[in-house]
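Asker: Kindly produce the complete structure, drawing on both the sequences and the hints.
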Amino acid sequence: GENVEQHPSTLSVQEGDSAVIKCTYSDSASNYFPWYKQELGKRPQLIIDIRSNVGEKKDQRIAVTLNKTAKHFSLHITETQPEDSAVYFCAASKDVKAAGNKLTFGGGTRVLVKP
Amino acid sequence: GAGVSQSPSNKVTEKGKDVELRCDPISGHTALYWYRQSLGQGLEFLIYFQGNSAPDKSGLPSDRFSAERTGGSVSTLTIQRTQQEDSAVYLCASSFFATELFFGEGSRLTVL
Numbered sequence: 001g002e003n004v005e006q007h008p009s010t011l012s013v014q015e016g017d018s019a020v021i022k023c024t025y026s027d028s029a030s031n032y033f034p035w036y037k038q039e040l041g042k043r044p045q046l047i048i049d050i051r052s053n054v055g056e057k058k059d060q061r062i063a064v065t066l067n068k069t070a071k072h073f074s075l076h077i078t079e080t081q082p083e084d085s086a087v088y089f090c091a092a093s094k095d096v097k098a099a100g101n102k103l104t105f106g107g108g109t110r111v112l113v114k115p
Numbered sequence: 001g002a003g004v005s006q007s008p009s010n011k012v013t014e015k016g017k018d019v020e021l022r023c024d025p026i027s028g029h030t031a032l033y034w035y036r037q038s039l040g041q042g043l044e045f046l047i048y049f050q051g052n053s054a055p056d057k058s059g060l061p062s063d064r065f066s067a068e069r070t071g072g073s074v075s076t077l078t079i080q081r082t083q084q085e086d087s088a089v090y091l092c093a094s095s096f097f098a099t100e101l102f103f104g105e106g107s108r109l110t111v112l
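Protein chains in written order, with this note's numbering: chain A, 1 to 115; chain B, 1 to 112.
Misleading hints may appear alongside valid ones.
[Stated by the list, open to error] Here's a subset of chain A near chain B, in silico, CB distances under 8 Å, partners left out: (1) Tyr32; (2) Pro34; (3) Arg43; (4) Pro44; (5) Leu46; (6) Ser85; (7) Phe89; (8) Ser93; (9) Lys102; (10) Leu103; (11) Phe105; (12) Gly107; (13) Gly108.
[As the list claims (entries may be wrong)] Derived CB-CB ranges, DEER-like: (14) Glu85/B x Gln14/A: 31 to 41 Å; (15) Ala70/A x Glu14/B: 42 to 52 Å; (16) Phe96/B x Glu39/A: 17 to 27 Å; (17) Thr78/A x Gly51/B: 31 to 41 Å; (18) His7/A x Thr70/B: 31 to 41 Å; (19) Pro82/A x Pro61/B: 29 to 39 Å; (20) Asp59/A x Pro8/B: 27 to 37 Å; (21) Asn3/A x Gln80/B: 25 to 35 Å; (22) Ser73/B x Gln45/A: 17 to 27 Å; (23) Lys57/B x Asp27/A: 14 to 24 Å; (24) Ser73/B x Arg61/A: 36 to 46 Å; (25) Glu20/B x Asn67/A: 39 to 49 Å; (26) Gly51/B x Pro115/A: 19 to 29 Å; (27) Glu5/A x Glu100/B: 21 to 31 Å.
These are calculated hints, taken from the structure and not from any lab test.
Every value quoted in this text rests on a predicted model; they were computed, and no experiment measured them.
C-beta atoms are modelled at their ideal positions from N, C-alpha and C, and glycine is treated no differently.
Answerer: Next up, the structure:
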């Protein structure tokens with residue numbers, strides 16, 4: 001089955017700086033890569049996702065890049081703000097409309113933005 | 001309802017007792033997942049239901065854990081003979097096949 005590794009496990013940045021979280025996956029057939037943000041005491045929520053037909057996707061201060069050859073994808077947060085402090089999870093799955101393919105999560109990255 | 005609903009939100013039980021946690025997914029969602037999250041930790045996969053396919057039970061930590069999904073909708077996670085190490089937040093999530101997961105608020109279980 002799919003295995004997703006996520007690094008680093010913790011990340012401390014100064015407000016205004018950029019944060020980068022990296023994930024690798026094992027199944028070359030995976031083609032859907034979402035990122036979830038979990039604030040303290042809250043449920044995880046999708047913040048951005050990318051599919052294998054694109055290499056990069058941006059949404060305001062966040063962007064995700066995908067390298068299918070190397071089987072890794074990354075989350076980039078620019079101009080970090082205190083409200084970006086949270087745990088971020090990457091995930092991967094394949095063949096999104098087929099039964100039996102589940103989303104596999106990485107271990108999470110705790111991001112702390114220091115004011 | 002509009003989102004994934006879980007009950008109870010909090011459950012305190014004594015070691016050795018059985019507990020049942022309920023998840024009501026978003027209507028029309030084909031997939032339902034259960035995860036366990038201990039304090040400050042990641043999402044530990046427990047079980048996955050997809051349509052009428054056999055569930056993926058590969059994440060269940062022991063035979064004290066079981067889950068069912070009735071009529072392709074509501075799911076119940078049962079923990080028998082609870083142990084203190086079962087204390088955690090149990091999160092349910094649903095999706096349309098393997099697309100965006102919508103999580104419930106979770107059920108916080110405390111085993112004394």
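Asker: Hint by hint, say whether it matches the structure.
Answerer: Against the structure, the hints:
{"no.": "1", "hint": "Tyr32", "verdict": "7 Å, holds"}
{"no.": "2", "hint": "Pro34", "verdict": "7 Å, holds"}
{"no.": "3", "hint": "Arg43", "verdict": "4 Å, holds"}
{"no.": "4", "hint": "Pro44", "verdict": "5 Å, holds"}
{"no.": "5", "hint": "Leu46", "verdict": "5 Å, holds"}
{"no.": "6", "hint": "Ser85", "verdict": "14 Å, violated"}
{"no.": "7", "hint": "Phe89", "verdict": "6 Å, holds"}
{"no.": "8", "hint": "Ser93", "verdict": "4 Å, holds"}
{"no.": "9", "hint": "Lys102", "verdict": "5 Å, holds"}
{"no.": "10", "hint": "Leu103", "verdict": "6 Å, holds"}
{"no.": "11", "hint": "Phe105", "verdict": "5 Å, holds"}
{"no.": "12", "hint": "Gly107", "verdict": "5 Å, holds"}
{"no.": "13", "hint": "Gly108", "verdict": "4 Å, holds"}
{"no.": "14", "hint": "Glu85/B x Gln14/A: 31 to 41 Å", "verdict": "38 Å, holds"}
{"no.": "15", "hint": "Ala70/A x Glu14/B: 42 to 52 Å", "verdict": "50 Å, holds"}
{"no.": "16", "hint": "Phe96/B x Glu39/A: 17 to 27 Å", "verdict": "25 Å, holds"}
{"no.": "17", "hint": "Thr78/A x Gly51/B: 31 to 41 Å", "verdict": "40 Å, holds"}
{"no.": "18", "hint": "His7/A x Thr70/B: 31 to 41 Å", "verdict": "40 Å, holds"}
{"no.": "19", "hint": "Pro82/A x Pro61/B: 29 to 39 Å", "verdict": "36 Å, holds"}
{"no.": "20", "hint": "Asp59/A x Pro8/B: 27 to 37 Å", "verdict": "35 Å, holds"}
{"no.": "21", "hint": "Asn3/A x Gln80/B: 25 to 35 Å", "verdict": "30 Å, holds"}
{"no.": "22", "hint": "Ser73/B x Gln45/A: 17 to 27 Å", "verdict": "23 Å, holds"}
{"no.": "23", "hint": "Lys57/B x Asp27/A: 14 to 24 Å", "verdict": "20 Å, holds"}
{"no.": "24", "hint": "Ser73/B x Arg61/A: 36 to 46 Å", "verdict": "38 Å, holds"}
{"no.": "25", "hint": "Glu20/B x Asn67/A: 39 to 49 Å", "verdict": "44 Å, holds"}
{"no.": "26", "hint": "Gly51/B x Pro115/A: 19 to 29 Å", "verdict": "47 Å, violated"}
{"no.": "27", "hint": "Glu5/A x Glu100/B: 21 to 31 Å", "verdict": "22 Å, holds"}
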